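Model the full structure from these sequences, guided by the hints.
For the sequence shown, counting from 1, position 171 maps to 171 in full-length UniProt numbering; every step adds exactly one.
Because the hints were derived from the structure by calculation, they are not lab data. All values reported here derive from a predicted model rather than from experimental measurement. Careful: at least some of the hints might be erroneous.
[Said to hold, decoys possible] In silico lysine-lysine, PhoX-like type, Cα no more than 20 Å apart, as pairs:
#1 K366 to K388
#2 K416 to K163
#3 K416 to K209
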Amino acid sequence: MATLSKFSEDLMGNILSRLPPKSLMRFRCVLKSWHDLIDKPSFVDQHLSTSMDNKVTSSTCVLLKHNVLTDPTIKDDEKAVRATLFNPDSNQRDILLSSLNLGSLVDDGLEIENHVVPPPMRGYALSLEISGSCDGLICLNTFNSEDIVLCNPALEEYRVLPKSCILLPPRVPRQVEENEDDDYYEEDDDDEIESNPKCVGFGYDPNSKDYKVVRAAQFVSGVFTQHPSKVEVYSLAADTWREIPVDIQPHGSLNPSYQMYFNGFFYWIAYWTEERNVILSFDMSEEVFHDIALPESGPDAYEYTSIAVWKDSLVLLTYPVENEAPKTLDLWVLDEDLKGAKGLWIKHLAIGPLEKGVEAPLVFWKDEELLMVTTNGDVVNYSLDTQKLKHVPRHGLGEPTNIQAVPYVNSIVSIKPGNKIESI
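Written out as structure tokens, the structure reads:
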């Protein structure tokens with residue numbers, strides 16, 4: 001009887017692991033045995049593994065962060081407001097996270113599920129960014145606030161991270177009297193130190209089996225005085241920040257697709273105090289930084305540089321800033337045996353020339369399929385096999401620089417104790 005019971009649980013686990021997260025959350029209420037099974041860490045891992053296997057063998061999902069213009073005449077019906085995409089007569093911006101099943105493009109369709117941005121981040125329409133995606137969890141932060149939120153869009157869960165352990169309180173400007181010169185500052189004001197968060201990254205530590213957020217901050221006083229940078233690491237398991245020792249002066253870049261998590265490391269296109277561009281990486285397990293030199297004959301002041309994963313390897317995509325003529329993207333592959341040394345990037349292939357109006361790459365969703373954004377805020381797919389563009393039926397998504405795409409998988413990995421996002 002015990003053998004039959006065990007077999008039944010294994011069989012039921014195999015069946016349930018193939019269902020989407022929202023269905024599983026409903027089925028938890030059907031039977032206590034199902035509730036207990038779905039909440040088991042082993043089942044969460046099984047469901048994640050099944051979801052990732054399906055992603056590899058059939059289709060790949062990406063999570064698209066974009067702005068939409070909402071209809072100001074609709075006041076009370078939030079669902080109608082958020083469903084109204086790009087009303088040209090509106091100046092009111094909203095944010096959506098859309099998971100796209102791009103495998104359905106084969107049939108000239110597209111499976112889309114819209115997710116509401118957690119409430120703490122809804123006021124940052126033009127500065128919100130995804131600073132890492134891993135196992136169905138995403139990290140949201142802004143470049144003008146210290147707030148960071150972890151979110152599982154599929155479960156509609158989010159967690160606001162605790163206050164930083166390295167950032168200083170915002171500097172309060174001194175009130176200037178009417179008879180004072182606007183350019184006058186007290187000497188003490190020039191000595192006051194300010195902190196500026198520069199790099200934020202989220203990923204998974206396979207050694208401790210924990211999810212982590214890393215944040216680097218610069219400290220400045222006056223106009224030109226810089227102080228040593230500090231770095232802190234947040235552990236989801238411990239729900240705390242702690243400072244770690246480092247010897248870097250990192251600056252983030254604002255180029256499209258300039259950051260990503262991949263295989264235990266978080267990567268940024270970064271520049272240093274001496275204006276030397278590098279790829280900066282953070283090892284989530286060892287909690288140390290490394291830098292990888294960019295190819296000397298590659299990115300320069302007249303090119304954008306993006307990083308991506310292609311054929312399970314980290315690659316560079318370089319392309320011209322100007323959009324007056326059709327662009328060509330150069331794809332550079334790093335020699336894995338000699339990683340980090342200068343000149344070991346190999347220009348592997350050229351993508352294009354592309355149709356005029358293609359602005360920037362977003363993400364590879366298959367080895368031969370690259371998602372890109374146009375100057376009009378449309379999303380297109382480029383096939384390296386056929387060398388043809390196909391428009392993704394999502395139009396008018398806002399400014400191209402505010403559109404971001406990351407690899408995504410539906411999961412039931414929980415960030416509890418957290419908060420529930422109100423459904424639309």
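Here's how the hints hold up against the structure:
no.: 1; hint: K366 to K388; verdict: 15 Å, holds
no.: 2; hint: K416 to K163; verdict: 18 Å, holds
no.: 3; hint: K416 to K209; verdict: 16 Å, holds
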